[in-house]
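Reassemble the complex: the two chains are provided individually, in unrelated frames, and hints are given to aid placement.
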Amino acid sequence: MIEISHLTFGYGKAKLFEDLNISLKPGHIYGLLGKNGAGKSTLLKNIAGLVFPWSGTCTVNGIDADKRLPSFLQELFFVPEEIYLPAVTTTQFVKNTAHFYPKFDNSQFTKMLTEFDVPADKLLTKLSFGQQKKMIISFGLSTNTSLLIMDEPTNGLDIPSKSQFRKIIASALTDNRCIIISTHQVRDLDNLIDAVLVLHERRIVVAKSMDEIAERVHFGIIPSGADYIYAEDSMNGLNAITLNTIGSYSKVDMELLFNALTGDNKTLIEILNKPGHE
Amino acid sequence: MNNIFNLKRFLLLFKKHTIEHGKTYLLSIAVLTGMILLLLGFMSFTGQRHLPARTQNVFFAFGMWIIGSIFTSVSFIDLADKKKAVSMLTLPASHLEKFLVQWVYSFLIFQVLFTGTYYLADWIIIQISNQGKEIQNELFDIRDPNELAYYSFMAYAVFNAFALWGAIFFQKLHFIKTTFVFFVLFIVFVAISDPLLHLIVGLSNSTAVPFGAMHPKTITNGNQWWSVAPTGSMKNTNIVMLIITVIILWMSAFYRLKEKEV
Numbered sequence: 001m002i003e004i005s006h007l008t009f010g011y012g013k014a015k016l017f018e019d020l021n022i023s024l025k026p027g028h029i030y031g032l033l034g035k036n037g038a039g040k041s042t043l044l045k046n047i048a049g050l051v052f053p054w055s056g057t058c059t060v061n062g063i064d065a066d067k068r069l070p071s072f073l074q075e076l077f078f079v080p081e082e083i084y085l086p087a088v089t090t091t092q093f094v095k096n097t098a099h100f101y102p103k104f105d106n107s108q109f110t111k112m113l114t115e116f117d118v119p120a121d122k123l124l125t126k127l128s129f130g131q132q133k134k135m136i137i138s139f140g141l142s143t144n145t146s147l148l149i150m151d152e153p154t155n156g157l158d159i160p161s162k163s164q165f166r167k168i169i170a171s172a173l174t175d176n177r178c179i180i181i182s183t184h185q186v187r188d189l190d191n192l193i194d195a196v197l198v199l200h201e202r203r204i205v206v207a208k209s210m211d212e213i214a215e216r217v218h219f220g221i222i223p224s225g226a227d228y229i230y231a232e233d234s235m236n237g238l239n240a241i242t243l244n245t246i247g248s249y250s251k252v253d254m255e256l257l258f259n260a261l262t263g264d265n266k267t268l269i270e271i272l273n274k275p276g277h278e
Numbered sequence: 001m002n003n004i005f006n007l008k009r010f011l012l013l014f015k016k017h018t019i020e021h022g023k024t025y026l027l028s029i030a031v032l033t034g035m036i037l038l039l040l041g042f043m044s045f046t047g048q049r050h051l052p053a054r055t056q057n058v059f060f061a062f063g064m065w066i067i068g069s070i071f072t073s074v075s076f077i078d079l080a081d082k083k084k085a086v087s088m089l090t091l092p093a094s095h096l097e098k099f100l101v102q103w104v105y106s107f108l109i110f111q112v113l114f115t116g117t118y119y120l121a122d123w124i125i126i127q128i129s130n131q132g133k134e135i136q137n138e139l140f141d142i143r144d145p146n147e148l149a150y151y152s153f154m155a156y157a158v159f160n161a162f163a164l165w166g167a168i169f170f171q172k173l174h175f176i177k178t179t180f181v182f183f184v185l186f187i188v189f190v191a192i193s194d195p196l197l198h199l200i201v202g203l204s205n206s207t208a209v210p211f212g213a214m215h216p217k218t219i220t221n222g223n224q225w226w227s228v229a230p231t232g233s234m235k236n237t238n239i240v241m242l243i244i245t246v247i248i249l250w251m252s253a254f255y256r257l258k259e260k261e262v
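Heads up: the protein sequence lines correspond to chains A and B, in order. Oh and the first sequence: position 93 is 93 in the numbering used here, straight run, nothing missing. Oh and the second sequence: position 57 is 57 in the numbering used here, straight run, nothing missing.
The shape of chain B in the complex, shown without the other chains (with noise of 0.2 Å):
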């Protein structure tokens, strides 16, 4: 028997949850699509029935951004509580198998249902702020990639990751303590940076966002700004940095999953 991972127990134990909470998913995309249609909605009606594809878009990844980590940070709730976690804990699947139920809900499903969801909202809006009107509302396209929206599903995996280790971590509150241990983090990164670049390079005067491009002023003229950034091969640098540290905080969740007493 593999006791790592089984195709079959797994797609069973998918099964089982869907069974078991699928009537709170579905209410939760009705609920989610009622968010979006008035917040959308009162866009339009205060913007004149103007919507521009720009606020669609930043809608859309801020929308997935906050309301993707509340639903990733709850994905773990039942181990919060006892009776629920003996259950959990002592059915016979493996640990890789409970883990990946969450992840595939909380990253993969929950990305396709909200841009679903998203870009249903947003079109009913558009065609009823659209009525009479000459200069007609677009559907903002997800696939340009000078807009936010673009970059939303990879922004979307570190606040996935971020959640998913505090859905785990932490007993109760889940989603505030992670919130609030990422902007700590968030902080400390932002107040290192600067000295820390200063060290490196040795220039003074600069600025600098964590894990971006430095701008340094020159040293003779005062007034004109400079951009450090890397470039060729290393330009990936920083995807590539967020790529290992999103898959190192699923790895700890998983691990923190493995370790959980009851």
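The following block holds chain A by itself, in its conformation from the complex (with noise of 0.2 Å):
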């Protein structure tokens, strides 16, 4: 599907990434996540097409992304953290841009803008900021792409669009069809993601499946003075990641997983990619 091999890229003189490699499938919402500025949007371009590698290489399906070729483009929709929405109506849209995906559902389309309660005879421009992202979202869920990247989507959304948007978003995933949604509010992928990316410092340091990272570290609550890898305090005591020595699985707490590795853990790194156990 995805095939990142040795990309280097930056702006300017500085890099951002260097030699970066992976690998990704259809039929997983791949959780993007990395601090501020350290460059998930700019991955995300490189994928799409819209910044071209330094060196390596970037494919889609096998194409490469910097060509931007309508067989490319129409298996791919980008929705941007920052939308533009030209002056029609929802109804417009559709009408004007969704032939060019062949394989756009209207129907799909219609009942996910209607669970949004977003209105489909109202301008674009006149619509808030949220009601336009879950219209971009919903459009590009229905174009049925085999890929579907969505930068920071959950911006500008409120709590109710938010829990929605998960439960629209884990309702379009198909076996052929790989999501990646970068943010860097990791809640909000709660119970979504099933792999997750962490970009920090030029490199992805994890790019693991939940049900790996389960397998081999464990989260929860542990009394003081208990072994960790990595712990904060909590009201209830250390909310920890332990080594997971008995095979008990927990759920992965996003943000703790990501307070760890972006604060360089290095034993936390090493656990979760040491060969063997995929």
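Rather than coming from a laboratory, the hints here were simulated on the basis of the structure. Cβ coordinates follow ideal geometry from the N, Cα and C atoms, glycine included. It cannot be assumed that every hint is accurate.
20 Å max Cα-Cα, derived DMTMM-like pairs, lysine to aspartate or glutamate [said to hold, decoys possible]: (1) 82(B) to 82(A); (2) 83(B) to 82(A); (3) 83(B) to 152(A).
Here's a subset of chain A near chain B, in silico, CB distances under 10 Å, partners left out [said to hold, decoys possible]: (4) 51; (5) 70; (6) 71; (7) 78; (8) 80; (9) 93; (10) 96; (11) 102; (12) 245; (13) 246; (14) 256.
The following block contains the structure:
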């Protein structure tokens, strides 16, 4: 699906990524996490062909992203953090744009729009930012492209919409589709993603499925004095990541994992990337 | 699937562009009509309701070049806005189709609409000016090869190509920056034209318009001017060179679109 090989990219003279290698498969929802300025949006732009690698390649279904060929673009939908919509109604927008995506499903779109409570007959420019975002997310999902990229999609969504968003995204995943969601609000991806990519200091420090992570480490409250890989104080004691030695699965605490990885916890990075457990 | 050009996809893109920008274009035509009416009306008023065909011709040509260049220089303005650029570049159509939509609008459609609008406004002013007048003003004839308007379409291709190149090459202030580059190049051509001809032909004391005929003074009689210009099949060299320049600029704009990053 997506093959990023030895990708190096930056702006001006500053390198943002160096020798990046990732392989993403269809049938998954990937959460791309990283601190502000880590390069999440830039990595997504590389995948979408909006910027060109300094060296290395980025291919989607075997096609070089930077060529931006129609055959590549009709299998990709990119929801940027800041969106532009023309001064037409949703209905007109669909009428003028949907035919560029051969697998667009109008009934699916109408259903999502209703769930999100976005009016179809109002000018897109007159909708609130949250409504615009919900409209474009619904449109992107309804294109049924094999790759859907969303950059900070929950920004601007209210709390009920965030939960609707999770529900809708989960229902839109198929075996042939790969969804990448980038965010720095890790809690928004709770119970949604099934694999995580953490971008930190010019490289992907972890690219694992949630199951693999839960298999190797355990998340939970531990008594003080107990061994841990990473821990943070909480109301109930130490909220910690410990080595999963007994094979008991716990729910991955995204925020704790994110803090540990972006805090340069080398032990955790090593445990998660250790070969032989895949 | 044809990844370079597909007529159906191009027409769909053209339709999308027209629907999304139609209101702006209609408003622009209304403003353009008003501007021409004002300008020609003013000329007629200050000239005692006399509006010669030559004046109409000159305003037509310069109007087309200036307004056309301004219009063309904002063709790719969406690429200067990151939000719009993402939407434009990720739309499943080829770079050629995206380029051609802008080209058709800024080159073909603009000339047709400008000519129609100008003639309409000119006709209105002439009708008003001719009221109760003995010597009637006549509407200028675009087909007259002795007038500037006849050549304005060909010259517009140069302005369009330059403006289209600037529209995509520069991030901001497209028209100002493109015009600046245009004038710098023009000055350079004028400055090097004489010494270059002197070097080639070996005649001093001559004048020459860039890409035009040269006019050396005779060596024996300093008061007489010669005109040295290509003849026969070489006569069209300038036109051929101009066409080649235009094509190079259009191609350069197209390849710049292919390389555009957001």
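Under 10 Å, Cβ to Cβ, is where residue 246(A) needs to be relative to chain B, so tell me if that hint holds or is violated. Result: violated, 47 Å to nearest chain B Cβ.
Agreement of residue 83(B) and residue 82(A) with the hint, judged by alpha carbon distance not exceeding 20 Å: Roughly 6 Å between the alpha carbons, so the hint for residue 83(B) and residue 82(A) holds.
Next item in the hint list is residue 102(A). Is there a CB on chain B closer than 10 Å to its CB? It holds, given that the least Cβ distance between residue 102(A) and chain B is near 9 Å, below 10 Å.
Is the shortest C-beta separation between residue 96(A) and chain B less than 10 Å? holds, 4 Å
So, as I understand it, the hint says residue 78(A) touches chain B; can you test that by seeing if any CB pair is closer than 10 Å? Hint on residue 78(A): holds, closest Cβ of chain B at ~5 Å, below 10 Å.
Would the hint on residue 71(A) be counted as holding, given a Cβ-Cβ threshold of 10 Å to chain B? holds, 5 Å
Proposed proximity, residue 152(A) with residue 83(B) (alpha carbon, max 20 Å): holds, 14 Å
Holds or violated: the hint that residue 245(A) contacts chain B, with Cβ atoms closer than 10 Å. This interface hint is violated because 47 Å lies over the 10 Å limit.
Would the stated hint for residue 93(A) survive a check requiring a Cβ distance to chain B of less than 10 Å? holds, 9 Å
Double-check residue 80(A) for me: the hint is only fine if its C-beta lies closer than 10 Å to a C-beta in chain B. Because about 5 Å separates residue 80(A) from the closest Cβ in chain B, which is inside the 10 Å limit, the hint holds.
Should the interface hint for residue 51(A) be scored as holding, given a Cβ-Cβ cut-off of 10 Å against chain B? Since chain B brings a Cβ to about 5 Å from residue 51(A), closer than 10 Å, the hint holds.
Can we keep the residue 256(A) interface hint, with Cβ of chain B closer than 10 Å? Violated: closest Cβ of chain B sits about 33 Å from residue 256(A), beyond 10 Å.
Going down the numbered hints, you'll see the structure goes against 12, 13, 14, while the others check out.
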